[in-house]
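Let's have the full structure, built from the sequences with the hints guiding it.
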Amino acid sequence: MPYFERKPYVSTPLPVSPIAPQPDAQPISDIARRVLGAERDTQQPLEGPFACRKTCHPGGTATILLSFDAPNGGGPVALQFEPGDLINRNGDTLPANRVNVVPPQIQLNPGESTDVAVIVTVPDLADPGEYHGRIACAGTVQTSIIVMYEVAGAQT
Numbered sequence: 001m002p003y004f005e006r007k008p009y010v011s012t013p014l015p016v017s018p019i020a021p022q023p024d025a026q027p028i029s030d031i032a033r034r035v036l037g038a039e040r041d042t043q044q045p046l047e048g049p050f051a052c053r054k055t056c057h058p059g060g061t062a063t064i065l066l067s068f069d070a071p072n073g074g075g076p077v078a079l080q081f082e083p084g085d086l087i088n089r090n091g092d093t094l095p096a097n098r099v100n101v102v103p104p105q106i107q108l109n110p111g112e113s114t115d116v117a118v119i120v121t122v123p124d125l126a127d128p129g130e131y132h133g134r135i136a137c138a139g140t141v142q143t144s145i146i147v148m149y150e151v152a153g154a155q156t
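If you read the sequence shown in this note's numbering, its first letter stands for residue 1, the second for the next number, and so on.
Note that these hints are calculated values from the structure, not bench results.
Every value quoted in this text rests on a predicted model; they were computed, and no experiment measured them.
For each residue, glycine too, the CB sits at the ideal point set by N, CA and C.
Among the hints, a few may not be true.
[Unchecked claim] Across the chosen pairs, the derived CB separations fall in these ranges:
| hint | residue 1 | residue 2 | range |
| --- | --- | --- | --- |
| 1 | 124 | 89 | 20 to 28 Å |
| 2 | 110 | 59 | 41 to 49 Å |
| 3 | 140 | 102 | 15 to 23 Å |
| 4 | 69 | 128 | 29 to 37 Å |
| 5 | 53 | 30 | 14 to 22 Å |
As structure tokens, then:
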């Protein structure tokens with residue numbers, strides 16, 4: 001006959017706590033400023049082109065918030081923004097008149113910062129896909145920012 005010896009199983013149960021999704025308590029502009037500040041503090045220049053991406057739906061609007069600041073010890077920064085057409089791989093276009101930059105121009109003194117919104121109004125019949133375009137920045141600095149708006153399928 002087999003012989004079995006019963007021994008107590010000793011273990012410390014690990015506490016189980018459900019992880020609930022945490023709402024974003026910090027605005028994305030604050031996070032962007034912190035990331036850019038960390039890049040600036042380590043003396044690593046940011047390499048372009050810069051790309052910002054947002055998902056949107058036909059018949060809706062979508063906003064990308066950009067943060068600009070004038071470095072301390074420098075001169076004032078003046079920029080004027082001019083949006084271009086947004087085009088997807090199939091050649092479909094969201095025309096520039098559907099893209100608004102608010103405010104369209106900024107003037108910053110050294111140490112000041114501000115946010116600029118790039119708002120696209122998507123037509124009701126826009127084809128799904130990723131639309132790419134540029135926001136030209138003219139003034140103290142000549143550059144452009146690439147924006148991508150991913151138009152999802154029509155909402156039901």
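Tested hints:
1. 124 x 89: 20 to 28 Å: Since residue 124 and residue 89 have Cβ atoms about 21 Å apart, the given range 20 to 28 Å holds.
2. 110 x 59: 41 to 49 Å: holds, 43 Å
3. 140 x 102: 15 to 23 Å: holds, 20 Å
4. 69 x 128: 29 to 37 Å: Between residue 69 and residue 128, where Cβ atoms are some 35 Å apart, the hint holds.
5. 53 x 30: 14 to 22 Å: At roughly 19 Å between Cβ atoms, residue 30 and residue 53 fall inside 14 to 22 Å, so the hint holds.
Checked against the numbered hints above, the structure violates none of them.
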